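Protein chains in written order, with my numbering: chain W, 1 to 146; chain D, 1 to 146.
What the hints contain is simulated information worked out from the structure, not anything from laboratory work.
For clarity, every value in this text was computed on a predicted model and none was experimentally measured.
Watch out, some of these pointers could steer you wrong.
As the list makes no split between identical chains, a pair holds if one copy fits it or if it spans any two.
Using 20 Å as the maximum straight-line C-alpha spacing, the simulated SDA-like pairs for lysine to any residue come out as follows [as the list claims (entries may be wrong)]:
hint : residue 1 : residue 2
1    : Lys5      : Glu122
2    : Lys5      : Cys137
3    : Lys126    : Phe114
4    : Lys140    : Gly32
5    : Lys84     : Asn48
6    : Lys64     : Asp14
7    : Lys126    : Arg16
8    : Lys5      : Phe121
9    : Lys64     : Tyr131
There are 2 protein chains.
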Amino acid sequence: MSYQKAEEALRKADIRITRIRREILAVLYELGHPVSHGDISSEEQLRNFDRVTLYRNLNLLLEKGLVHGVLGTDGSWRYCAHPKDVEGCPGRHPHFLCMECGRMFCLPDQAIPFVEVPSDFEVAGKQFVIYGRCAECRNKGKDTEK
Amino acid sequence: MSYQKAEEALRKADIRITRIRREILAVLYELGHPVSHGDISSEEQLRNFDRVTLYRNLNLLLEKGLVHGVLGTDGSWRYCAHPKDVEGCPGRHPHFLCMECGRMFCLPDQAIPFVEVPSDFEVAGKQFVIYGRCAECRNKGKDTEK
DNA sequence: CCATCATCTGCAACTCTGTTGCATTATGAT
DNA sequence: ATCATAATGCAACAGAGTTGCAGATGATGG
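Given only the sequences and the hints, what does the whole structure look like? Please build it.
What follows is the structure in C-alpha cells.
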C-alpha cells in the first residue's frame, strides 16, 4: 500500500508524519503522473483539507525533494512523485501538456538535454514543456467539428 | 529607428497601426531580450496606457507571430521580438531565468531539441526554461553573504 | 499515559497575473 | 469629412498562490 511508502519517505526526509502529507504522497504515488493543486484537492482523501494547507505541504514536499514540480503553459504547477524503489517520473525529462483537457503527460524516454549557460550562471533546475492536444482530445474534436 | 520597423511589421501582419502597438514593438525591438508585462508597462513610452490594453495587444502580437512568449518559472510571461531583418531571438531556443532579479536571458546558440511525443498527439509549441542565478546576482550575493 | 512545546492546520484576507464586459474613442476606408 | 469597425479605458472579476494569526495536533520526556 502507498501509505507505508509515504510514511517511509517522510521519515527519511525527517519531517513530521501528518495525515495530509501521507495522503498527498499516497495520491501522487498512485496517480504517477503530474497533477495540479486543483486535481489533488478534489481527490476523495484530500477534499476536506484546506487549500492553503495543501499548498504549504506541496511546497514543503518540493523543498525536501519528495515531489517534483512542472509548470504548465497554462500557468499552474503540476506535482509528481514516486516511491524511491519504483520506476517512475524523476522529473528529469520533458512533459507534454494538453491545452484542451489540461492533463500533463511524462515523456520519460527522452532526457532533458544539457544546456550550456553563460559562465558564472548558476543552474538550479530546468523546465521543458511541450504543449498541444492529446490524442483523446483530438478525437473528441473530430466528432463535433463538422 | 525602431518605429519604422514596427510599422512595417504591423502592416505586413495586416493589423491596424495604433500608438500602443508601435510603442510595444519598438520597446521590444530595442530591448532584444524577453521582458514581462510589468517591465514593458513601466517603460517611459508605455507608462500611460491601460494595463488591460497592454495585455490585449501583447496577446494580439503573439497570435500574429510578431512577438513570442516565454513562461518563466515564476509564473509570469515574458515577451520578445526582433525586426524581421535583424538577427535575434526567434523563440526557438532555451531561456535562462534568474530567480533573484527576475531577468530572462536568451540562450540562442542552442536549439530546442526535437522531442518525440506519443502518436496522435499534436504539438503546438515548446517551452524550455533553465532557472537559477545570473552572474550579477551571484556577485551581489558574495558581498553581503558573510 | 499524560504534559509540554514546537509544529501544523484552518480561516480570513491579501497579492499578483491575467481576463471579461461594456461604454467611449480613435482608426482608416470611402 | 463621414462613418462603420476596431481599439481603448475603466471597473469588475477570476484563478493561483501567499501571509498572519489563533487554535489544534503530533512527537518527545517524564
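Open item on the list: For Lys64 and Asp14, with the copy left unspecified, which applies at a CA distance of at most 20 Å: within, between, both, or neither?
Closed with: Within one copy, since 9 Å is at most 20 Å while 51 Å is not.
Open item on the list: At most 20 Å between alpha carbons: which applies to Lys126 and Phe114, within, between, both or neither?
Closed with: both (10 Å within a copy, 16 Å between copies)
Open item on the list: For Lys140 and Gly32, with the copy left unspecified, which applies at a CA distance of at most 20 Å: within, between, both, or neither?
Closed with: neither (24 Å within a copy, 40 Å between copies)
Open item on the list: At most 20 Å between CA atoms: does that hold for Lys64 and Tyr131 within a copy, between copies, both, or neither?
Closed with: between (28 Å within a copy, 18 Å between copies)
Task: Copy assignment of Lys84 with Asn48, given that the CA separation must stay at most 20 Å - done: neither (28 Å within a copy, 54 Å between copies)
Open item on the list: One pair to classify: Lys126 and Arg16, alpha carbons no more than 20 Å apart. Within, between, both, or neither?
Closed with: neither (29 Å within a copy, 38 Å between copies)
Open item on the list: I want to check one pair: Lys5 and Phe121. Are their C-alpha atoms no more than 20 Å apart within a copy, between two copies, both, or neither?
Closed with: Neither. Shortest intra-copy (37 Å) and inter-copy (33 Å) distances fail the 20 Å Cα cut-off.
Open item on the list: With identical chains, the pair Lys5 and Cys137 could be close in the same copy or across copies; at 20 Å between alpha carbons, which is it: within, between, both, or neither?
Closed with: neither (34 Å within a copy, 40 Å between copies)
- [ ] Using 20 Å as the alpha carbon limit, work out where Lys5 and Glu122 are close: within a copy, between copies, both or neither.
- [x] Cα proximity of Lys5 and Glu122: none, with 34 Å in one copy and 36 Å across.
Of the hints listed earlier, those the structure fails to meet are numbers 1, 2, 4, 5, 7 and 8, in rising order.
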